[in-house]
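2 protein chains.
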Amino acid sequence: MTFEEARAQFPVFERLAYLNAGTNGPLARPTVEAMVTQEQADLERGRGGPEYFEHVGELRSEVRTKLAALVGVALDRLALATSTTNGCNIVLTGLDLGPEDEIVTTDGEHFGLLGALAVSPARVRFAPVRELAPDEALEVLLREVTPQTRLLALSDVCWMSGNRFPAAELKEATGLPVLVDGAQSAGAIPVDASELDFYAFSCQKWLCGPDAMGGLAVVDPERLRIAAPSYLSQESYEPSGEFTPRPGAGRFDPGWTSPPSLAGLSAALDLAPEGRFERAGAMAARCRELLAGRFEMVTAPDQGTLVTFRVEGDSAELVKSLYEQGVVVRDIPGLGWIRVSCGWWTSEEDLGRLDAALG
Amino acid sequence: MTFEEARAQFPVFERLAYLNAGTNGPLARPTVEAMVTQEQADLERGRGGPEYFEHVGELRSEVRTKLAALVGVALDRLALATSTTNGCNIVLTGLDLGPEDEIVTTDGEHFGLLGALAVSPARVRFAPVRELAPDEALEVLLREVTPQTRLLALSDVCWMSGNRFPAAELKEATGLPVLVDGAQSAGAIPVDASELDFYAFSCQKWLCGPDAMGGLAVVDPERLRIAAPSYLSQESYEPSGEFTPRPGAGRFDPGWTSPPSLAGLSAALDLAPEGRFERAGAMAARCRELLAGRFEMVTAPDQGTLVTFRVEGDSAELVKSLYEQGVVVRDIPGLGWIRVSCGWWTSEEDLGRLDAALG
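Residue numbers (the numbering used here), protein chains in the order written: chain A, 449 to 807; chain B, 449 to 807.
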C-alpha cells in the first residue's frame, strides 16, 4: 500500500488540512468499521455468555500484543491504560514516594504528568529546558539530580516545543528510574521502551485509535505497587481482598475496556504503512522548511513530528482563523506558539494549505 | 411508550432470555445508533476544532445531568468515572487513611470495592452478613464499628445474594462517612445518594449504557483529595503543577470519555419508561415466585432486581447448559449460587424460558 492509498482511508483529509494528531489523530474507515461491527454484535447478541468473554479476551490480547511490539517491550510488560495521564497516575500512586524523596522533571511537561507529580508528596525539581536547544538539555537536567532523586519524569517529545528531551540519556547517566510521557512519541517516532522503567502513552493521537485508550509499559511489574486495583489486576483473591496479582504488567489494567474501542484500535494499528516513521519525519522537515523563512521556529531540526513556531499577536485568534480556512492546528496557551502535527499521512497539499492560510 | 414497546428496542431479546444485566445490560438500537452517528461524525470531520470540543463538552454535561438526577444529587456532585471500581479507587486513594484507621465492610462485596480496601493501609473489618436475612445485617455491621472506624464501605445490593445491605441505616446510626457500591442498584432500584458521602456505580449494567462508563457521587468534593488528577481536574494550574481544582465533583473525572460512548449513554438514559422500578421489582418477584418452589432461595423477598438461588452440583456447568438453551445468567463462583438479573425489560416469556431450561 502506498502512502497515498493509506491516506485515502481517512475521510477527514477530503475536507480539512487536519494537522492536530498531537491532540487527536485522524480516524480511518476500517477503524470505525471495526467499532461498528462490534457494536452491532453486542446489540444483537448481548454482552454475555462464554463466546463473548472469550472474544473480548482475545481482543485485549491482540491489542496488547500490537502495542507492546510498537514500543519494543514484551507482551507481559504492557498494561492497557486509558490514557497517558492514567499511566502516569498508575506509576506515581504506586511508587509511594515520601516528602524526603525528589523527582526531577522539566518545565515543558503536560498536565497529564504534571498533575500526578503535583499531588505526589515528593519534592519536584524542574529543569528549565523548554526553550533550550535539545543538545543542551541533558546537562541542565543533570544539575537537578541529587542523592534524594528517586524518579526522573519527562516527555520523550515536548508537547509544546516539539523538541525531544533526553529521557534515555538521563537514565543512562544517572541509573535512576525514569517515567517517560510518550504521548507525543508513540506512533510518531520509533520507540524502544525496553530500557525505560515506565513509558506511558495514548492511542488516540499518533496511533489514530478510538478515544480514551492508552498504554503503560512497565519493565519490572513486581517493583510497582498496585494502588488502584481492578478485577483484572488479580489472578485469585481471598475473602479479605488480599490478592495474587496477575503475572506481568496486565495487573495494572485499570478496568474493562470497551470492546468496540479495542476492535477499532486493533484495526487502526494495522493501517500504518511501512516506512511510516521516515515519512512522518520527512513531512515534519518539509513543514519546518516551509515555515522557517517566515517565522521564528521553536522546534529544532530532526526532532519528532510536531513543528512549533512563534507568532506575533494572539495565537488563539490565529488558530481560529486557520480553522475557518480548513486548517486544524493548535496553539500553546501563554506562549504565543502554534503547533503543527505532521504524520505519515500528511501531504504536501496539507502543508500548502497551512502555508497559504498563514497569509 | 408501553413496556412492550420499550422492550422491543433491544434486539437481544429476540434471540435470548438475556437475564444478566448485573454483569452487562442489554443494548438498545437508539443507543448504538447514537454511538455510530458520533463515530461517523468523528471519522468525517475529525476530532478537533472548536465545534468538536464544544459538542463534547455539551455531551459530558448532558450525561452528567442525567446521571446526577438518577442518583438524586446535584449536577456538581457527580463525577464521570469509568466504572464502579474506578469510583471506589478514587475514594480510597483520596481519603489517605492510615494503619490506625479502620474500615467496616461486609463479606459480600465485589472485588471492585474489595481490591481498593485491600490495598488501603487501613485495617478492614468484615461483618459476616452475606448469608443473613436483610433485617439482621445492621446489628452485625454495628458490632464492627469502633472508635477507629473512619469509613463504612458496602454495597447497596449485594452482587452475590441479591439482598440489600443497610448502607443508609448504618450511616444514620453511626454518623460515619459511607462509600456505597451501587453497581447493582443504580438504574435497578430508586437511589438517593444525597445523604450518602460517596456512591459509585456503573452505567453498562442496569442503565444499559455502553461499556467502561460509570459515575461517582461525592457529596462534599472539598473533603476528598484528588489522588489521580486529570486535565479535567483543574480550572487553572501553575508551572509547578499546583492547581486550582474545578468546582464540584467534576474534579474527580479520571479523564477524557469517548464521545461515542457519551452519546450512546445519553440515548440509553432516555429509554427507560415511566414506572420502570416498580416493573423491575414486579418481574424480580415473579422470578422468585417461579423458582421458590423448586430451589432454596438466597435472595429474600422485596430486595433489588437480582434473584439468587442455590443449586445442587456444579453451578458453572448449569450456567453453561442454560446458555446453550438461550438463557443467559451467571453463577457466583465457590458458593453454588445462580444469579438471575431481572429488569423492567424482562418478560414473562424470558422467565418461562429460564424455568423450562432449569428442567
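Rather than coming from a laboratory, the hints here were simulated on the basis of the structure.
Fair warning: this is a prediction, and the values are worked out from it, not measured in the lab.
Worth double-checking, as some hints may not be accurate.
What the hints assert, rightly or not - Some but not every residue of chain B turned toward chain A, in silico, with C-beta under 10 angstroms:
id: 1; residue: Phe451
id: 2; residue: Leu467
id: 3; residue: His503
id: 4; residue: Thr541
id: 5; residue: Glu690
id: 6; residue: Gly696
id: 7; residue: Pro708
id: 8; residue: Ser709
What the hints assert, rightly or not - With a cut-off of at most 20 angstroms between alpha-carbon atoms, the simulated EDC-like pairs for lysine to aspartate or glutamate come out as follows:
id: 9; chain 1: A; residue 1: Lys619; chain 2: A; residue 2: Asp549
id: 10; chain 1: B; residue 1: Lys514; chain 2: B; residue 2: Glu548
id: 11; chain 1: A; residue 1: Lys768; chain 2: B; residue 2: Asp640
id: 12; chain 1: A; residue 1: Lys768; chain 2: B; residue 2: Asp668
id: 13; chain 1: A; residue 1: Lys514; chain 2: A; residue 2: Glu772
id: 14; chain 1: B; residue 1: Lys768; chain 2: A; residue 2: Glu502
id: 15; chain 1: B; residue 1: Lys514; chain 2: B; residue 2: Asp524
id: 16; chain 1: B; residue 1: Lys619; chain 2: B; residue 2: Asp668
id: 17; chain 1: B; residue 1: Lys768; chain 2: A; residue 2: Asp549
id: 18; chain 1: A; residue 1: Lys619; chain 2: A; residue 2: Asp718
id: 19; chain 1: B; residue 1: Lys514; chain 2: B; residue 2: Glu502
id: 20; chain 1: B; residue 1: Lys768; chain 2: B; residue 2: Asp779
Just so it is clear, CB atoms sit at the ideal spot from N, CA and C, and this is done for glycine as well.
Which numbered hints fail:
1, 3, 6, 10, 11, 12, 13, 17, 18
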